[in-house]
Amino acid sequence: MSNHHLNYLEQLEAESIHIFREIAAQFERPALLFSGGKDSITLVHLARKAFAPGKIPFPLVHIDTGHNFQEALDYRDAMAASIHADLIVRKVEDTIKAKSLTEAKGKFPSRNWLQTYTLLDTIEEFKFDACIGGARRDEEKARAKERIFSVRDDFGQWNPKLQRPELWNTYNGRINKGENVRVFPISNWTELDIWNYIKHENITLPSIYFSHERELIVHEGQLVALSDFVLRESTDVIVTKRIRYRTVGDMTCTAAVESNAVTLDQVISEITAAKISERGETRIDDRVTEAAMEDRKKNGYF
Amino acid sequence: MDILRFITAGSVDDGKSTLIGRLLYDSKNILIDQLEQLEKQTKNKEAGPIDLALLTDGLRAEREQGITIDVAYRYFSTPKRKFIIADAPGHVQYTRNMITGASNASLIIVLVDARQGVVEQTRRHSIIASLLKIPHVVVAINKMDLVDFSEEVYTKIVADYASVAAQLGLKDITYVPISALQGDNIVDPSTKMDWYAGKPLLQLLEEVSIDEDINLTDPRFQVQFVLRPQTDELHDYRGYAGKVISGVYRKGDAVTILPAGIETRISKLEIAGEEVSEIFAPQSATILLADDIDISRGDSIVNSKNLPTTRNELDVLLCWMDEKTLQSGNKYYIQHNSQLQRAVVKEIFYRIDVNTLEHQPVEGQVKLNEVVKAKLKTSSQLVYDSYEKLRANGSAILIDETSNSTVAAVLFV
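Taken in sequence, the protein lines are chains A and B.
Position 157, counted from 1, in the first sequence is what the numbering used here calls 157; the numbers after and before it change by one each time, with no gaps.
Position 5, counted from 1, in the second sequence is what the numbering used here calls 5; the numbers after and before it change by one each time, with no gaps.
Be aware that a few hints might be false.
Some chain A residues well away from chain B (every beta-carbon gap over 12 Å; in silico) [what the hints assert, rightly or not]: (1) His5; (2) Ile23; (3) Gln26; (4) Glu71; (5) Ala80; (6) Glu166; (7) Asn188; (8) Trp189; (9) Glu191; (10) Lys199; (11) Leu226; (12) Thr235.
Here are the simulated DMTMM-like cross-link-like pairs (lysine to aspartate or glutamate), alpha carbons at most 25 Å apart as the crow flies [stated by the list, open to error]: (13) A:Lys49 - B:Glu274; (14) A:Lys55 - B:Glu401; (15) A:Lys97 - A:Glu124; (16) A:Lys199 - B:Asp232; (17) B:Lys324 - B:Glu401.
Estimated spans, in silico, between C-beta atoms of each pair [what the hints assert, rightly or not]: (18) A:Ile268 - B:Gln116: 43 to 53 Å; (19) A:Glu258 - B:Lys268: 21 to 31 Å; (20) A:Gly66 - B:Arg238: 40 to 50 Å; (21) B:Thr217 - A:Glu258: 50 to 60 Å; (22) A:Asn159 - B:Leu357: 30 to 40 Å; (23) B:Ser150 - A:Glu258: 49 to 59 Å; (24) A:Asn159 - B:Lys346: 49 to 59 Å.
Hints in this document: simulated from the structure, not taken from any laboratory.
Backbone N, C-alpha and C fix where the C-beta goes; we use that ideal spot for every residue, glycine too.
Only chain B is shown next, with the shape it has when bound in the complex (with noise of 0.2 Å):
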C-alpha cells in the first residue's frame, strides 16, 4: 500500500465537490455522525437524500459568504492505497491555489462538463499542469447523465482534449466518462455507458503506476540539520540530517559537497539511528562523512559523478502569490529546500498567459496569479537542476523579506 496524493481540477460548476464527495462516500470513508450532519445541511433535496458537495464545504465563514478560501487537504483509502486530495477552489485566485496544491500531486483529474466541453478553463488548468508537470492526467468528463451518455459527446471531448494534450506537450493522459452525482464509473463500471471499454475512476486511482515518479537515479541530498549529540559516548558523532531529494546512496559513495566543491566519502548511513547500507528517495536520512569538512544547513552532498547545476544567476518561472506585486529590482529570499539566501528579480522577460501560453510583455509590475519568466542573481551560488529534469530539486519559494510571506512559487529552468 502507498500514497497518491492528486488534485482536481473543474470550474465552479463542473461537480469538483459532488465528485471528491462522491469518492469519499462511495469508498466508505463517510461515517455516521458526518452523514447526519450532512442530511442535516441538505437543502437541496432534488440532489438525492444527502448533498455530497457539501462534505467539502469548508469554514463556517466561507458557508456564510458561499466561497471557498483556499486549499483543503482531504483523505481517503481503501485497501490498495491511501489518497491525499487537494482541493483547491474554482474561481478567485485559482492560479495560486491550484499550483499550491499541484505542487505536491502526482496526478491530476481534469474536470470536463460534457455539456460544455473542453473550455477555456479546461485549458488553463491543463497549462498549469503542464508547467507544474504533474505526471499522470485523468480528464473524467463529467455529467454524463444530462447528455444522455452519449459516446458521440464524449469521443468528440475527447478529441478535443487530445489535441490541446498534445499542444502542452501532457503525456500520460486517460480519459473516463462519469457522472458524480449518479455514481456512473466512480467505483464500478456505469451500466449505462456499456461503449465505455476504461476502467471506472477509483481503479484508475487505484491502479496508476506512480513508483517511477521517483527520480532514483541522480543522488540529491541537502542538509537540513546537523546532528551533534556532543555526549560521552557520542564525543565526535557528526550526522548530517536531511531528505533524500532523489537517487540512491550506499556507503563508501564518492561525494562532493556543494556549493563548496569539496570531495569526501560517505562513511555512514543511518536512518532514525539505525545504520543502514543504503538510502533513497524520499527517506529522512543521516549522512555521516570520511572528512571532517565544515558543512552547515542548505548544503547539498551529491555524488561526485553526477553533479547538479551550481550557479547564482539563473533563469526561473515565477507564479506570483501575493497581493503586492513585483517589480524589477526587487529583493526577496530564495528558500530552495532548506537552503536560504536573498535573491533580486533581475529582469522580467514575459508574462505567459495561462490561458492560451501565449508570452506577452510586462509593462511594470506582475501581479497576483500571472506566471512571468525571470532572471534572478542570489547571494550565493544556488545547487539546483531544472524543474523538468528533477521536480524535487528544482523548486523554490520567494520570501517577502519584510511580511515574511510567501510570495512566489520558483520554477527552475
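Bound conformation, chain A alone (with noise of 0.2 Å):
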C-alpha cells in the first residue's frame, strides 16, 4: 500500500482550496464573509493555504451588527491586520438609519434578519460577484440542498427549484450582469471536522470558545449573555456561571454552554458527547420557526 493517501481532513482541505482557487479565477470581485466564529475563521486559513506564498486575492468583509461579542471584533482585527488583508465593515446600525429600517423588538432583538440589507448594500457598493461564507450542509435542512456555487438573482434570493446541477468537482460561475453567486468551501464540512482541523492546524480562536466565567440570563433553558442589547427585566433569572460558546453569532441570539473546557481537546470530546445539534444548542433565532432558514435564504440571507 502506497503512502499516497489522504486522511478525511486532507481530503476536505483539499477541495476546499480547490474551490477558493476556482472562485478568485472565475469572478472578477470575491468577497470573504468574515464573522469572527470558528467556520469563518477556518475559511480564512484555507484561503491563505489556497493563495500562499501571496496574500488572498480578495477582502474580507464584515457585516457588522452592532452586537458582536467584542472579544470576536478584537479577534478580527488583529487577524486581518497579522495576514495583510484587506478587511471592509458595513455597520446594520448604519443601514437601519439610512433607510429607516425597523429594528426588531422583544427580549432579544435580533438583527438577523436585518444584515440582509446591509449585505445586500455592500455587495452592491464593491459590486461584488461572489461572496464566499463558511456554511456547512450539516447544519441545517435548506443548506443540505444548496450547491457549492449558489446562484441569486438580483434580489439576493435563492430560488431552490431553480438551481444548477452541480457534478464532479465542475463548478459553473457564470452569472448574467446584476447577479451574484454565494460560495461555500466548507460546505462538505461537518461540525467536528472543523473542530479537529482547528485543533489539527492549531488555529487561534477567539476566547469566547473557551471556558471563561460571564453574567447570564436565563430564558427558557437556554444561557444568554447579559449585555446592552437584551431587555432587562425584573423578573430575569441572573446567574453567574462558566460557560464557552459553541457558535459566536449576535449576543442576543447566541446561546452559551456550561462548560469547563479550556483546551481544544476538551472542547472536542465535549462536543463529541453532545447530544444537541449546533444549532439546537445555540442558535435562539432558528427555534422561531421550523422553516426559518429557508425563508431568510429565500430572502438573501447567507
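Got two chains here, separate frames each, mind docking them using the hints?
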C-alpha cells in the first residue's frame, strides 16, 4: 500500500482549496464574509493556504450587526492586520438609519434579519460578484440542498427550484449582470470536522470559545449573555456561570453552553459527547419557525 | 479515517428515506433536538415511535407538496469513516438528479423491494450506475420483514440482479438483505436471517476498499490559477495552482504543457506554500517550472511519458439536464474542470434508452433526462482522457451561453 493516501481532513482541505482557487479565477470581485466565528476563521485559514505564498486576493467583509462579542471584534482586527488582508466593515446600524428600517422588538431583539439589507447594500457598493461564506450542509435542512456555487438573483434571492446541477468537481460560476454567487467552500465539513481541523492546524480562536465566567440571563432553559443589547426585566433570573460558546453570532441570539473546557481537546471531547445539535443548542433565532432558515435564504440571507 | 461518498437509488416506495434515516439514527448521528422535532412531526405512529423517513425531509416547499426537489447531502461518521450521502429523489427528473449525485460517488446502494424484486427502476438505476462508472455497487434487498425474512426470496433476487449486472458490466457487487424499518442487518447482524453469512450494511460501507478508485498512474494536472505574488522577496515567483486530477508528480519530472505541446521540467512543488518532493491525487498543489512559458488557466501539465488525448472533435455521451432542448448545431460553453471554451454539437448519433440500454434514432430534439451519443467540435483543443479510463479527466459540463445554466453532463468516449 502506497503512502499516497489522504485522510478525511486532508481530503476536505484539498477540496476547499480547489474551490477557493476556482472562485479567484472565475470572479472579478469576490469577497470573503468574515464574522469572527470558527467557520469563517477556518475559511480564512484555507484561503491563505490556497494562495500561499501570496496573500488572499480578495477582501474580508464583516457585516457588523452592532451586537457582537467584543472578543470576536478584537480577534477580527488583529487577524486581518497579521495576514495583511483588506478588511471592509459595514454596520447594520448605519443601514437602519439610512433606510429607516424597523428594528425587531422583544427581549432579545435580533438583527439577523436586518443584516441581509446591509449585506445586499455592501454587495452593491463594491460590485461583489461572489461572496464566500462558511455555511455547512450539516447545519440545517435548507443548507443540505444548496449548491457549493449558489446563484442569487439581483435581489439576492435563492430559488431552491432553479439550482444548477453541480457535477463532479466542476463549478459553473457564470452569471448575468446583476446576479451574484454565494460560494460555500466548507459545504462538506461537519461541525466536528471543523473542530478537529482547528486542532490539527493549531488555529487560534477567540477566547469566548473556551470556558470563562460570565453573567447570564436564564431564558427558557438557554443561557444568554447579559449585555446592553437585551431587554432586562425585573423577573429575569441572572446567574454567573462558567460557560463557553459553541457558535459565535450576535449576543442577542447566541446561547452559551455550561463548560469547564479550556483547551481544544476538552472542547472537542465535550462536543463529541454532546447530544444536541449545534443550531438547536445555540441559535435562538432558528427556533422561531421550523422553516426559519429557508425563509431567510430565499430573501438573500447567507 | 477517510471519506466514502455514496448515493442511494430507489424508487418512491423502496424505503430509501427510511434507510438513510436508519443509518443516521443507528450510527448515533441524530441528536436530541432533532429527535424531538421528529417526534412532533411523526404522524404515522404505526411506523414506530418516530418516522425515520422524516429525517431526510427537506424544505417546507417540499413538505407542503409532498415532493423532493433536488439532491440533498447528508453526513454521518463512525470511528472508521466519514460518509457523505447524495440523496436523490426517486421520481420526476430522476435521471438528472441521480447523475448529479452519482458524479462524485464511489459507491451506490441500489435498493430493491423484496416483494417486487428486480423491476424496471432497478434496471434504470443500475444502467445509470454503469454509465457513470460508479466503482462499487451494494444491492440492498429491503423490506425483508414483509417476506418473512425468506432466504428463497433473497436468493432469487440475487440471481435476477446478477444477470442484469452481467449485461451492464457492473463489477464489484455486494448483496445484503435488510429491513430498514426494523433495523435488520443495518448496524448489527440480523437475528432473523441466520442464513445470511455476509456483513451488515454499515460494516460493508465502512470496509469497502476505495483507495484504488483514485488513479495514481496517469499524471494529470490542470492549471486553475496562476500565483504571482509580485512582492519584493517573491519577485519572480510564478506558481501554477491546481488540483492533481490523477497520478503522482515529482520534482525534476519532465512534463509537457498541453495543448501547446511545450516540454519543460518541474523545478519545485508546493502545497500551501510549503515545498514538498511529490504531489498526488487528489491534492491541491502548486507546480513551478524550470522554464518561463506562457501558461494560463485551463492548460494541462502532464508527464511527458504519459500523454492524454488532445483533440477538438470528439465523441461524447450527453446527459441532458435542462428544460430547454438540444438540437444538432446548438452552441454552448464546455467546461472541462477549469477549462472553458465554446463547443458546437455537430451530430447526434442516437439516444440511449436508460431503461433498456437500446439505441434509438433521434428525431428532432433531445429533451430533459435523455442520454445521447453525439459529436462535439470545440473552439480549441481539448486535453482529456476517456471517462472509461479516467473519470476525473473524462467529464465536463455544457453551459447555455444565454441563461448560464448547466444543461448537460458530458462523458468523453
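Open item on the list: I'd like to know which numbered hints this structure contradicts. Please list them from smallest to largest.
Closed with: Hints 1, 2, 3, 6, 7, 8, 9, 14, 16, 19 and 24 contradicted; others consistent.
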